[in-house]
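Just so you know, the protein sequences line up as chains A and B, in that order.
The numbers in the numbering used here rise by one with no breaks, and the one at position 27 of the first sequence is 24.
If you want the numbering used here, it's the position in the second sequence, counting the first as 1, plus 144.
Hints were generated in silico from the structure; no laboratory data involved.
The structure presented is a predicted model; accordingly, all values stated were derived computationally and were not measured.
Just to be clear, a hint being listed does not mean it is correct.
[To be verified] A partial selection of chain B residues facing chain A, derived with a Cβ cut-off under 7 Å:
1. 188
2. 296
3. 306
4. 579
5. 581
6. 596
We put the CB at the ideal spot given by N, CA and C, even for glycine.
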Amino acid sequence: MEIEIHVIHYLVISTVMMFCGIYGFFTRKNLLALLISVELMLNAVNVNFAVFNRYLFPDRLEGHFFSLFGIAVAAAETAVAIAIIINVYRNVKQVLTDDITDLKG
Amino acid sequence: MDITTSLLSMQAEASLAVILVVMLLADLIIREPGHRKLQILGCILMAVQLALNVVPAEGEAFGGMYRSTELASVVKTVLAAGTLLVFMQAGEWLGREDTRGKAGEFYLLTLSTLLGMFLMVSAGSFMLFYIGLELASIPMACLVAFDKYRHHSAEAGAKFILSSMFSSALMLYGLSLLYGTCGTMYFADMPALLAGTPLQVMAMVFFFAGLGFKVSLVPFHMWTPDVYQGAPTAVAGYLSVISKGAAAFAMAAVLLKVFGGMVHDWSLLLSVVTVLTITVGNVFAVLQTDLKRFMAYSSISQAGYIVLGALAGSGQGMASLVYYVIIYVAANLAVFGIIGTVEQHTGGKTGRSAYAGLYQTNPRLAFGMTLALFSLAGIPPFAGFFSKFFVFAAAFHAGHWLVVFLALVNTIISLYYYLLVVKAMYITPSDSPVPPFRADGLTRAGLLVCVAGVVVTGLVSGLYGLLSGAALH
């Protein structure tokens, strides 16, 4: 039996990815895990763009380009974020959010 | 239209990009210690940028991807002027032992974020909007974490980059759903395709949440106090006026241009968020003793007043929003400039108690600070009163009288905490007040321009008329 794959199947995956990312962002304690959660969210968006373009508007290219830009920008953001996290580690020898609480009130 | 004509019609962006390259080369050529020369060069180049773009111009390029209106052009000039003021005030901090060697990087990163904001303000498509937003926020994270050896700065940087990534991911998710329903990302084509279906409303809410982080609207404001307190003071000042002003204008422009047909869906959302923002910012500002953190909460509540202009949903509202941003830039940069210079001359003190008796030792600084705080609170002879008045008038005109009433009540609460600082400077006695000091020439000139802006713009009545002319054009 052959199963045909529709837009909806991709959308279920991307939605699950998106909300796993949001959940992870709010529950994880490690800065790197927070970063991974955000990457998951950004990739869910890229899947969305590619799928919408491929299935709904196959004669245009905007969505594909948007996901390309999204990937490039996400890479730049990750590079900066990791540099900053390394700097945090050098200063406090810790990357857990529970220990980085000097600023509050 | 070929590429050269396209680039020429992006006048402000093109000249800023040239300035960025000149600054990069100067940073390579000028030998250390070159922080003073770089600062002067940066100020001159920004003055040139202002002179080149003082006449508002319209422009369209790359098939509608870029579309600058007259009002957007005015906003870009204001942002450039604010950046010039930040450059003038940053000298003392950049002259410090540990930042001296990388002063050039500060100017480069600041100019890149400014270029990003220019693109964001005059985007004609969500693609360019997104690129501009990211160009404005990634180098900003580097700026926040600029004081590499102070772990407050690093902590603030980590908080900033993570919340900024999270918010842009939320915004992008909204954009992807919009793309799914419209099939295009161009602002010009989208309004006809937006009918307010449930999916589009959800997409709009995601988009709004993402931008709400950048403007620091409640409930998306959690990062603001930590980042402002941890960031170097000049950067916090830049973040609080330039970055916030650009994001607020861009948000208002998109809500009007793209989601104009869904005004019933977003006006309730925006009014609730506005009232919450103003109130929560005020309540927490009362509790603060550190001045940078206090200014962070104050800027949250000011953001509420700024988006009140967007709530009006008309040309008048946009003009009052831009007017508010102009006054806010002058007043807030004066306050941050004074906090910064006091911090540099007292070995890093930013607590309110450090300001006790400032009037006895540094009367002119205390007086400038008082004028700026009065303007932020909205006391009549100063510009802040008129900017609040225009924003309230625009929102009232559109029928949001309850929101205007609550905002008015909050103005009175805000008077209390701004006066707490004034009281500390003039009345509270102190055994060890800040010793008398003389800030360097450019800092003093920058502060003078800010304070003059606060006093004079309130009296020059033509400015608002010009802005509303540009908005209706």
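Tested hints:
no.: 1; hint: 188; in the structure: violated, 29 Å
no.: 2; hint: 296; in the structure: holds, 6 Å
no.: 3; hint: 306; in the structure: holds, 5 Å
no.: 4; hint: 579; in the structure: violated, 28 Å
no.: 5; hint: 581; in the structure: violated, 27 Å
no.: 6; hint: 596; in the structure: violated, 34 Å
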